[in-house]
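From first to last, the protein sequence lines stand for chains W and C. Residues in the first sequence are numbered consecutively from 1, following our numbering. Residues in the second sequence are numbered consecutively from 1001, following our numbering.
Mixed in with the good hints, there may be bad ones.
Below, simulated DSSO-like cross-link-like pairs (lysine-lysine); rule was C-alpha separation at most 27 Å, straight line [stated by the list, open to error]:
(1) W:69 - C:1065
(2) C:1045 - C:1081
(3) C:1065 - W:93
To be clear, the hints were calculated from the coordinates, so they are not data collected in a lab. As the structure is a prediction and not an experimental result, all values here were calculated from the model.
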Amino acid sequence: MNKKGDLTTTQIVTIAFAIAGFAVAAGFIYYLNYGQQSDQEICHLSALTRATASSAIQGSIPLKCTTGKICITDGSGGCEDSFAGEKEITVIKLKGTENEKISTIEEISANAMFDCWNIMGQGKLDLYGSYWQNLGLETNEGSTCVVCSRLALDKSISSELLAKVNVKKYMQSNLVPGSSLTYLQTFTDNEVSAYSSVDKYSYKPTENINVGPSRTTRTEDEQVAFLFMQIKAGNIGDSLKNLATDGAILLAGGTFAASTVPGGSTLLFRLAAPAARIGLFAVPGVAGFSALNTYSSQLLAAGYCGAYTTNDENAKNGCSLVQAVPYTVGNINSLCDNIQGNP
Amino acid sequence: MRNKKGDLMNNVLGVIIAVIGLSLLAYGAYKVYQNVVNSEEQKAKAIIDSIEGKMNALNDGQIGKFAIQGIKDWYITGWSKTETGRPDKCALESCICICPQSTEFGSGDFDWSKEKTTCQDKGFCRKTENHVAVISSGDVAIVADIFGLELKEIELSKYKDVRPKIILPSNLVEISIEKKKDDVIIFSQIQEQKVG
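Chain W extracted, bound-state conformation (with noise of 0.2 Å):
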């Protein structure tokens, strides 16, 4: 009997509609406000959204990527000096025997730079796709960057322990977590499993790892960027040997994902120098320098040149590369003529 007020089938079967469909709508918001994802997976996500949208509106749609902070401390510290007045600083405090010092040091740089290549699309999204001819500019006019992270070492860690850091060995003998390869095979397409010769570019690496007296107590904090830069050139292979003879990627000595590179010239850089790419690690014998020095000369850069993955049918060809470098003006402009993301 349906007596007065009592709600019908159809009242009721509309009621649930509306719930569920404010169930769906709230989770859409949620989704939106980006509510329990990480820095890093909204960044991904950002990224995702940018390659694969019309190049019409690619450039318009923001990376939302945020520069993440972490300072790495052997004490009380906590980088003050390459954090100062800045927020949400994610501080790592080193503990154990000094062998569990170093390679907690190794993990957190190969994972940083894992990250960042990952967060990416590992070099093969279009992430710039119409955003220099937006500025009205050619595409191959200039680089443009994510700083993934900046990764500060606190003045308490010694030049000592920092001297016996070998992140280089550490990628090359370590799986990434998760995953059956090392950093250095995943870096690479699982194609490589040791680090290309130097003399392959007649890299003189005399030049550059000098890094003159050793301290035992530092004065200052050092700190090196994560970042990742693209490219675009109409030739990958001319792309590929010229950030190789730059010196850009095997001062660290990085590898590529492409092993096979034809020959040719094309100015991919906006700095034609090669030093001046990488700025005060290269520059022997600045004491101040020498355990960023030593660090930073040990982080590797990787890079992929190829086909990305957009929709701009007339610039698919481009190179991608992550690299840490000390976070100075100098070492990043020389880089990047842009940086995108959020400080």
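Got chain W; can you put chain C on it based on the hints?
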């Protein structure tokens, strides 16, 4: 006979559902807009917050050099509380601001009064108790004055069109922040500085 109570309940439910639905839709659209359009503003806020933080972290007599991420077509400027012509959002305090350029500095179209309006409407300011000067190497005449005198003695507004500022590049810029007594000087050595 019509069931008035049932009709009323049906209508009220419909209205409530419609209102909630429309609200959700509007909020969703707003969030989409925020995500797509406001990224530059978020970046600008992050930059000015970072500068404010670094400024506050310095002690009297200290100079700090910092690498700051720039935004193309934005600039940093500042007003001391003794200066006239400050944006309203600075109220009675000194402030540093990051503002979008509305005209090209150094061009014939340049109009500082337009810039001030844009700074008020679209810029982000942070108040400080110190006298503030934000200058770059391009502002030659002002640099000479500022480094020779205490800021409270300088009427920066006398420079009219050459408002002291740091035009931001699209990559990194190094800024020096000097804190002395009641003054804060934010200085940048910019290579290709256009003087407005």
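A quick look at each hint next to the structure:
1. W:69 - C:1065: Roughly 18 Å between the alpha carbons, so the hint for residue 69 of chain W and residue 1065 of chain C holds.
2. C:1045 - C:1081: holds (22 Å)
3. C:1065 - W:93: Roughly 26 Å separates the two Cα atoms, so the pair holds.
Violated hints: none; the structure is consistent with every hint.
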